[in-house]
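As you go down the protein sequences, you meet chains A and B in turn. Take the position in the first sequence, starting the count at 1, then add 303; the result is the number in this note's numbering. Take the position in the second sequence, starting the count at 1, then add 175; the result is the number in this note's numbering.
Keep in mind that the hints were calculated from the coordinates and are not lab data. Just so you know, not all the hints are guaranteed correct.
[Said to hold, decoys possible] Calculated pairs, BS3-like style, for lysine-lysine (alpha carbon to alpha carbon, straight line, at most 25 Å):
| id | chain 1 | residue 1 | chain 2 | residue 2 |
| --- | --- | --- | --- | --- |
| 1 | A | LYS362 | B | LYS285 |
| 2 | B | LYS465 | A | LYS322 |
| 3 | B | LYS287 | A | LYS530 |
| 4 | B | LYS285 | A | LYS535 |
| 5 | B | LYS306 | B | LYS465 |
| 6 | A | LYS362 | B | LYS306 |
| 7 | A | LYS506 | A | LYS362 |
[Claimed, not checked] Calculated Cβ distances over 12 Å to all of chain A for the following chain B residues:
| id | residue |
| --- | --- |
| 8 | VAL235 |
| 9 | GLY386 |
| 10 | LEU403 |
Even for Gly, the Cβ is constructed at its ideal location relative to N, Cα and C.
The chain contents come next:
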Amino acid sequence: MNILSIDTSNQTMGIAIVKNGQIAGEYITNVKKNHSVRLMPAIDQLMRETATVPEDLNKIVVAKGPGSFTGVRIGLATAKTMAWALDIPIVSISSLEAVAYQGSFFNQLICPFFDARRGLVYTGLYKWSPDQKLENVLEEKNTLFSDWLEVLAQHQTKVLFLSQDIELHRELIDKTMGDLAVIPDTSYHVPRPSLLAQASMAKETEEIHSLTPNYLRLAEAEANWLKQQQGKS
Amino acid sequence: MGETMTKDQYILGIETSCDETAMSIVKNGVEIVANVVASQIESHKRFGGVVPEIASRHHVEQITVVLEETFSKAEMTMADIDAITVTEGPGLVGALLIGVNSAKALAFAKSKPLVGVHHIAGHIYANRLNKEFTFPLIALVVSGGHTELILMREHGSFEIIGETRDDAAGEAYDKVARTLQLPYPGGPHIDRLATEGQANINFPRAWLEEGSYDFSFSGLKSSVINTLHNAEQRDEVLKKEDVAASFQASVVEVLTTKTYKAAKEYGVKQVLVAGGVAANQGLRKELTSKFADTGIELEIPPLHLCTDNAAMIAAAGSIAYNQGHRAGWDLNANPSLDLEKYSLRGQQR
Ligand SMILES: [Zn+2]
Numbered sequence: 304m305n306i307l308s309i310d311t312s313n314q315t316m317g318i319a320i321v322k323n324g325q326i327a328g329e330y331i332t333n334v335k336k337n338h339s340v341r342l343m344p345a346i347d348q349l350m351r352e353t354a355t356v357p358e359d360l361n362k363i364v365v366a367k368g369p370g371s372f373t374g375v376r377i378g379l380a381t382a383k384t385m386a387w388a389l390d391i392p393i394v395s396i397s398s399l400e401a402v403a404y405q406g407s408f409f410n411q412l413i414c415p416f417f418d419a420r421r422g423l424v425y426t427g428l429y430k431w432s433p434d435q436k437l438e439n440v441l442e443e444k445n446t447l448f449s450d451w452l453e454v455l456a457q458h459q460t461k462v463l464f465l466s467q468d469i470e471l472h473r474e475l476i477d478k479t480m481g482d483l484a485v486i487p488d489t490s491y492h493v494p495r496p497s498l499l500a501q502a503s504m505a506k507e508t509e510e511i512h513s514l515t516p517n518y519l520r521l522a523e524a525e526a527n528w529l530k531q532q533q534g535k536s
Numbered sequence: 176m177g178e179t180m181t182k183d184q185y186i187l188g189i190e191t192s193c194d195e196t197a198m199s200i201v202k203n204g205v206e207i208v209a210n211v212v213a214s215q216i217e218s219h220k221r222f223g224g225v226v227p228e229i230a231s232r233h234h235v236e237q238i239t240v241v242l243e244e245t246f247s248k249a250e251m252t253m254a255d256i257d258a259i260t261v262t263e264g265p266g267l268v269g270a271l272l273i274g275v276n277s278a279k280a281l282a283f284a285k286s287k288p289l290v291g292v293h294h295i296a297g298h299i300y301a302n303r304l305n306k307e308f309t310f311p312l313i314a315l316v317v318s319g320g321h322t323e324l325i326l327m328r329e330h331g332s333f334e335i336i337g338e339t340r341d342d343a344a345g346e347a348y349d350k351v352a353r354t355l356q357l358p359y360p361g362g363p364h365i366d367r368l369a370t371e372g373q374a375n376i377n378f379p380r381a382w383l384e385e386g387s388y389d390f391s392f393s394g395l396k397s398s399v400i401n402t403l404h405n406a407e408q409r410d411e412v413l414k415k416e417d418v419a420a421s422f423q424a425s426v427v428e429v430l431t432t433k434t435y436k437a438a439k440e441y442g443v444k445q446v447l448v449a450g451g452v453a454a455n456q457g458l459r460k461e462l463t464s465k466f467a468d469t470g471i472e473l474e475i476p477p478l479h480l481c482t483d484n485a486a487m488i489a490a491a492g493s494i495a496y497n498q499g500h501r502a503g504w505d506l507n508a509n510p511s512l513d514l515e516k517y518s519l520r521g522q523q524r
């Protein structure tokens, strides 16, 4: 079983090739640069270095957001088309869930989040079950971080925060959660594409055509339009 | 080409520059095998125009659906395809990115050559699906984003001899249509109303300096808006049909006259019309009568090839491919891709 996993949903661009459960290669950059230009050259390089040809692939795994709308679509357009062309299964993983995988050894609550500007975040709440399955505790959403933290504080249990944007919100987390907040070192916040491949093992294969991004947010024009419609009635 | 091309060549075209997700397979650059267009017009109607984010969302949902439909209609597989060609620009960046990344994935997965295509080159080459080119020729490109006169001395070579200095013709149509409270997209409505009215309002024609082949439509647009506004202030009712007819008469006269002059000056054998506004009946009629008995051949593509489609991208892409254009895995969407710079790629072979 050879898996190619792709994550272009946020600043980190990650690609991994996992062969029979072993990581053959992993490519991660964490710079603000164009994913569209860099994704396919990176896939090409990683495939060469791991002596993999497209026909060797048995599955594609893609991070489906939330994140940058454009970034998410670059990953999905690439992954869906490759899966279609090679006629192999595709599996998508929430980009937040992928980050939650970084907290494998933490046995209490895990809160991955991405900054979404103006005090908003994309976030969700996860927990590892005793039999090592990642479970969703609170549904993912686009919310004010201050509101979300109030809810987390009520759980009265330790919460592991995982995010590339941790520094933007550290003060607020400390203020609201106090000793209940656990914030690890920087390397744990960067999503690893090989974990996408691992996460895909617990997931069903999806229908290529109906696989859509996990935006967690309407297009602005759509949101405004809906607001107007509600105003009318 | 010719001598070495013993086997038929099949080119896949991908087009996602605006609000149509389109794919097509074209044989030998001139014959459509399959042509699929998934239009999003219904989704954008309620916003009165194309919303880029919504267009991009549709493209990513449609891309593999359109791919599958194209191949099933053609009764072909990727193994039959010689090259993958995709609109690289100009257009909406988020929309272009879906086509470009999908094309790269397809080319990579199936080890096929990849070629980036200029959207306007595509519109011009829509004509070659109908009739072989004879050079030199002039193409009048008129759409929502473009109004250009382009001289072609050979395949793959594009010289812009005139272009709009402000609004594109199609843009002026859309704005005037909005002022007349016609539904989106407004162009076809104005065209229809114009046939029912009289061109009895004297709107300005922007000829610009002597000898210039450039265009300007913003003055005309403002004049229409002011005329309607002034009439309203005087409680006067102008017939929408007459406003449409008068506006259209101004646009069509300028386009036709400048195209005719350019055709004469450059001694061309063919005049091609391309772009969404080429579907305009008023323009088609006027150009047809202007070029009748001139010995210059006038070609206007059928309606379904005037609007955005991927057959035109495959047609232009087939020339680029045979001239040796190749894109790397770093191919990106280029929302402001320059036609003349694109044209030079063919000469650098
Ligand atoms: Zn177009």
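Now the hints, each set against the structure:
A threshold of 25 Å between alpha carbons decides the hint, and for LYS362(A) with LYS285(B) the separation of about 16 Å falls inside it, so the pair holds. Distance check on the hinted pair: LYS465(B) and LYS322(A) sit about 68 Å apart at the alpha-carbon level, beyond 25 Å; violated. For the given pair, LYS287(B) sits about 47 Å from LYS530(A) by alpha-carbon distance, which is inconsistent with the 25 Å threshold. Taking the CA atoms of LYS285(B) and LYS535(A), the gap is about 52 Å. The hint is violated against a cut of 25 Å.
Only pairs whose Cα atoms come within 25 Å are accepted, and LYS306(B) paired with LYS465(B) is accepted, the gap being roughly 20 Å. Using a Cα cut-off of 25 Å, the hinted pair LYS362(A) and LYS306(B) is violated, with the two alpha carbons roughly 45 Å apart. Distance hint between LYS506(A) and LYS362(A) is fulfilled; the C-alpha atoms sit about 12 Å from each other, no more than 25 Å. Annotated as non-interface, VAL235(B) brings its C-beta within 12 Å of a C-beta of chain A; the closest such distance is 5 Å.
The non-interface label for GLY386(B) is consistent with chain A: the shortest C-beta to C-beta separation is roughly 42 Å, beyond 12 Å. Listed as a non-interface residue, LEU403(B) keeps its Cβ farther than 12 Å from every Cβ of chain A; the least gap is roughly 25 Å.
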